[in-house]
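S.K.: Use the sequences and the hints to build the structure in full.
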Amino acid sequence: MKRIIAIFLIAINVMFFNAANVFAEPNQSKATQECNVNVRTFHYEKITDLIKSNLDVPNLTGLKNLRIQSRINKMFVKDIFAFSRRIEKLAMQAKKDGVLRNPYEAYTRFKVAYNCNCILSIPVTFYEYTGGAHGNTTLKPYNINLKTGKIIGYKDIFKKGFDYKTIIINEIQRQIKENKNDIPYFDDALETVSQFTDKQSFYITKDGIVVIYGLYELAPYVSGIQEFKIPFTLFGDGINTEIIKECK
1 MKRIIAIFLI AINVMFFNAA NVFAEPNQSK ATQECNVNVR TFHYEKITDL IKSNLDVPNL
61 TGLKNLRIQS RINKMFVKDI FAFSRRIEKL AMQAKKDGVL RNPYEAYTRF KVAYNCNCIL
121 SIPVTFYEYT GGAHGNTTLK PYNINLKTGK IIGYKDIFKK GFDYKTIIIN EIQRQIKENK
181 NDIPYFDDAL ETVSQFTDKQ SFYITKDGIV VIYGLYELAP YVSGIQEFKI PFTLFGDGIN
241 TEIIKECK
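Those letters in the sequence shown? Residues 1 to 248, by this note's numbering.
By construction, these hints were calculated from the structure, which means they are not laboratory data. A virtual CB, placed ideally from N, CA and C, is assigned to each residue, including glycine. Warning: the hint list may mix true and false statements.
Listed next, with one range per pair, are the computed distances between beta-carbon atoms [said to hold, decoys possible]: (1) R109 <-> G132: 19 to 25 Å; (2) T197 <-> R101: 37 to 43 Å; (3) K150 <-> K206: 17 to 23 Å; (4) E191 <-> N145: 20 to 26 Å; (5) G98 <-> F186: 35 to 41 Å; (6) Y216 <-> K111: 20 to 26 Å; (7) E217 <-> R101: 25 to 31 Å; (8) K206 <-> R109: 16 to 22 Å; (9) G238 <-> K46: 43 to 49 Å; (10) T197 <-> K89: 27 to 33 Å; (11) N170 <-> D97: 45 to 51 Å.
M.R.: Below you can see the structure in the form of structure tokens.
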């Protein structure tokens, strides 16, 4: 099974990376001067009696370190196609059990939220429908140091020992209180936020970080994914300027 998956990934890489001019579409993204990276969109569709798959896959070009660039591109391909395969396997099982009514669905979309000074932040939206009243959406951010190819977290953005958690918690709670008349937050939403940890997803923008709470974490499904922008200005001199620098 592992060999089949490996062959599949190799085939996908060959198909995508050797046919860039055919499948690539430019994505709104400004290249950094240091890393000179651009992000393109590879689009893939598959429609069968089992699945409707409509995938946008980020693809980096222009990075000086081709090894790191290839590693990042393969990460996106692996994660997004693994998602689509999982939904297709669920559809296969549903058909076997005689409960498949319509094809299952797997969609991905992304945006380039930050591309500056060798830091790239791309939140990818994963939507799946596997029957029932509605589908399910997950927002997964990829915050990448283009010099190392590694995923960066909260502790990389802030200076060592700086208490960024209290600032984040206070600001999110403030926004919840401010918007409680427009969004039907759960009664324990403030308590949930008070338990904030570094595992909470976030992405980066030029003005701050955006902390993500998934469906049902703070509010009902109808309210959608909750995103809270925390301006860099709230952190004062606690920002690690080796990672987050002013974009020019």
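S.K.: Can the suggested window of 43 to 49 Å be confirmed for the beta-carbon pair G238 and K46?
M.R.: Given a distance of about 46 Å, which is inside 43 to 49 Å, the answer is holds.
S.K.: Per the hint of 27 to 33 Å, is the separation of the Cβ atoms of T197 and K89 within bounds?
M.R.: holds (31 Å)
S.K.: Does the Cβ distance between Y216 and K111 fall inside 20 to 26 Å?
M.R.: For Y216 and K111 the Cβ distance comes to about 23 Å; the hint holds.
S.K.: Could you see if the CB distance from K206 to R109 stays within 16 to 22 Å?
M.R.: holds (21 Å)
S.K.: Mind checking the hinted window 35 to 41 Å against the Cβ distance between G98 and F186?
M.R.: Once the Cβ atoms are compared, 37 Å apart, the range 35 to 41 Å for F186 and G98 holds.
S.K.: Does the Cβ-Cβ separation between K150 and K206 fall within 17 to 23 Å?
M.R.: The hinted range 17 to 23 Å holds for K150 and K206, with Cβ atoms some 21 Å apart.
S.K.: Mind checking the hinted window 45 to 51 Å against the Cβ distance between N170 and D97?
M.R.: holds (49 Å)
S.K.: Is 19 to 25 Å a correct range for the gap between the Cβ atoms of R109 and G132?
M.R.: Once the Cβ atoms are compared, 21 Å apart, the range 19 to 25 Å for G132 and R109 holds.
S.K.: Just to be sure I understand the hint, the distance between the Cβ atoms of T197 and R101 should be within 37 to 43 Å; is that true here?
M.R.: Holds - the Cβ-Cβ distance for T197 and R101, about 39 Å, lies within 37 to 43 Å.
S.K.: Is 20 to 26 Å respected by the C-beta to C-beta distance linking E191 and N145?
M.R.: This hint is violated: roughly 34 Å between Cβ atoms.
S.K.: Would you say the C-beta atoms of E217 and R101 sit inside 25 to 31 Å of each other?
M.R.: Hint holds: Cβ distance 29 Å, inside 25 to 31 Å.
Hint 4 from the list above is the single one not met by this structure.
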